[in-house]
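Top line first, the protein sequences correspond to chains A and B. Residue numbers for the first sequence follow my numbering, so the first one is 1 and each next one is one higher. Residue numbers for the second sequence follow my numbering, so the first one is 1001 and each next one is one higher.
The reader is advised that the hints may include incorrect statements.
Stated by the list, open to error - List time: in silico SDA-like cross-link candidates among lysine to any residue, alpha-carbon distance up to 20 Å:
{"no.": "1", "chain 1": "A", "residue 1": "K42", "chain 2": "B", "residue 2": "D1010"}
{"no.": "2", "chain 1": "B", "residue 1": "K1043", "chain 2": "A", "residue 2": "S7"}
{"no.": "3", "chain 1": "A", "residue 1": "K39", "chain 2": "B", "residue 2": "L1005"}
{"no.": "4", "chain 1": "A", "residue 1": "K18", "chain 2": "A", "residue 2": "P60"}
{"no.": "5", "chain 1": "A", "residue 1": "K39", "chain 2": "A", "residue 2": "V19"}
{"no.": "6", "chain 1": "B", "residue 1": "K1043", "chain 2": "A", "residue 2": "V104"}
{"no.": "7", "chain 1": "A", "residue 1": "K42", "chain 2": "B", "residue 2": "E1001"}
{"no.": "8", "chain 1": "B", "residue 1": "K1043", "chain 2": "A", "residue 2": "F83"}
{"no.": "9", "chain 1": "A", "residue 1": "K103", "chain 2": "A", "residue 2": "R24"}
{"no.": "10", "chain 1": "A", "residue 1": "K39", "chain 2": "A", "residue 2": "T22"}
{"no.": "11", "chain 1": "A", "residue 1": "K39", "chain 2": "B", "residue 2": "G1044"}
{"no.": "12", "chain 1": "A", "residue 1": "K42", "chain 2": "B", "residue 2": "G1042"}
{"no.": "13", "chain 1": "A", "residue 1": "K42", "chain 2": "B", "residue 2": "G1009"}
{"no.": "14", "chain 1": "A", "residue 1": "K103", "chain 2": "A", "residue 2": "G16"}
{"no.": "15", "chain 1": "A", "residue 1": "K18", "chain 2": "A", "residue 2": "F83"}
{"no.": "16", "chain 1": "A", "residue 1": "K18", "chain 2": "A", "residue 2": "P8"}
{"no.": "17", "chain 1": "B", "residue 1": "K1043", "chain 2": "A", "residue 2": "G101"}
{"no.": "18", "chain 1": "B", "residue 1": "K1057", "chain 2": "B", "residue 2": "N1031"}
{"no.": "19", "chain 1": "A", "residue 1": "K42", "chain 2": "B", "residue 2": "Y1099"}
{"no.": "20", "chain 1": "A", "residue 1": "K42", "chain 2": "B", "residue 2": "G1044"}
{"no.": "21", "chain 1": "A", "residue 1": "K18", "chain 2": "A", "residue 2": "R61"}
{"no.": "22", "chain 1": "A", "residue 1": "K18", "chain 2": "A", "residue 2": "S63"}
{"no.": "23", "chain 1": "B", "residue 1": "K1076", "chain 2": "B", "residue 2": "F1029"}
{"no.": "24", "chain 1": "A", "residue 1": "K42", "chain 2": "A", "residue 2": "D82"}
{"no.": "25", "chain 1": "A", "residue 1": "K39", "chain 2": "B", "residue 2": "E1109"}
{"no.": "26", "chain 1": "A", "residue 1": "K103", "chain 2": "B", "residue 2": "K1043"}
{"no.": "27", "chain 1": "B", "residue 1": "K1043", "chain 2": "A", "residue 2": "T5"}
{"no.": "28", "chain 1": "A", "residue 1": "K103", "chain 2": "B", "residue 2": "G1042"}
{"no.": "29", "chain 1": "B", "residue 1": "K1043", "chain 2": "B", "residue 2": "V1093"}
{"no.": "30", "chain 1": "A", "residue 1": "K39", "chain 2": "B", "residue 2": "V1093"}
{"no.": "31", "chain 1": "A", "residue 1": "K39", "chain 2": "B", "residue 2": "G1042"}
What the hints assert, rightly or not - Some, not all, of what chain B presents toward chain A, calculated at C-beta under 7 Å:
{"no.": "32", "residue": "L1045"}
{"no.": "33", "residue": "T1061"}
{"no.": "34", "residue": "P1105"}
{"no.": "35", "residue": "Y1107"}
Keep in mind that the hints were calculated from the coordinates and are not lab data. No residue lacks a Cβ here, since even glycine has one placed at the ideal position from N, Cα and C.
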Amino acid sequence: DIQMTQSPSSLSASVGDKVTLTCRASHSISNFLNWYQQKPGKAPTLLIYGASTLQSGVPPRFSGSGSGTDFTLTISSLQAEDFATFYCQQTYSNPWTFGQGTKVEI
Amino acid sequence: EVQLLESGGDLVQPGGSLRLSCAASEFTFSNSALAWVRQAPGKGLEWVSSVFPSGAKTFYTDSVRGRFTISRDNSKNTVFLQMNNLRPEDTAVYFCAKYGGLTRPHYLESWGQGTLVTVSS
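From just these sequences and the hints, can you work out the full model?
Right, dumping it as structure tokens:
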């Protein structure tokens, strides 16, 4: 199975900050990498797919980059509604696997 | 807007069975692939199973293969997860999710609100 490792596990930031989250795959996954946001008690929502394609309706302050084994999710200017847990996911091979999540806190 | 509504979650004893349902609307169900993803209390996300449009192509994570069966009824726009021989480690919220398309790279573009399965004596 492909292991996905996110860093950091949590971070504290302020509104307006630029935030960068990292996801590393144990094997090359090309660009088969997705990012999701999950708020407490809610279902995840898709932010980025194919490593860098912004899902329709997602604000452009979110961006994704990377290929192979190293990927990043960047929030250019953190907003109050962005405080949540973020997960990366690889769909390169079965079983699909998620990272353990990065919790972004105030 | 895509709608996915899960149901069937309950408290069940170890070794028991449960059948989850996910009723879909506002998209062409028969042309879509769907997945079940679970989240144990306080933990991260775990993909469980996927089914492609005809129902003939299915995938499972190793920990549930042989115990869980995913299926779909395209006439009722519903996907199911039959869970047998349940274990305490299957305790989780189970989410139903719709693929963004049928070609790779795959992603889950819409999610239901989840249904809670608790396996305990």
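For this structure, which hints from the list above don't hold up? none
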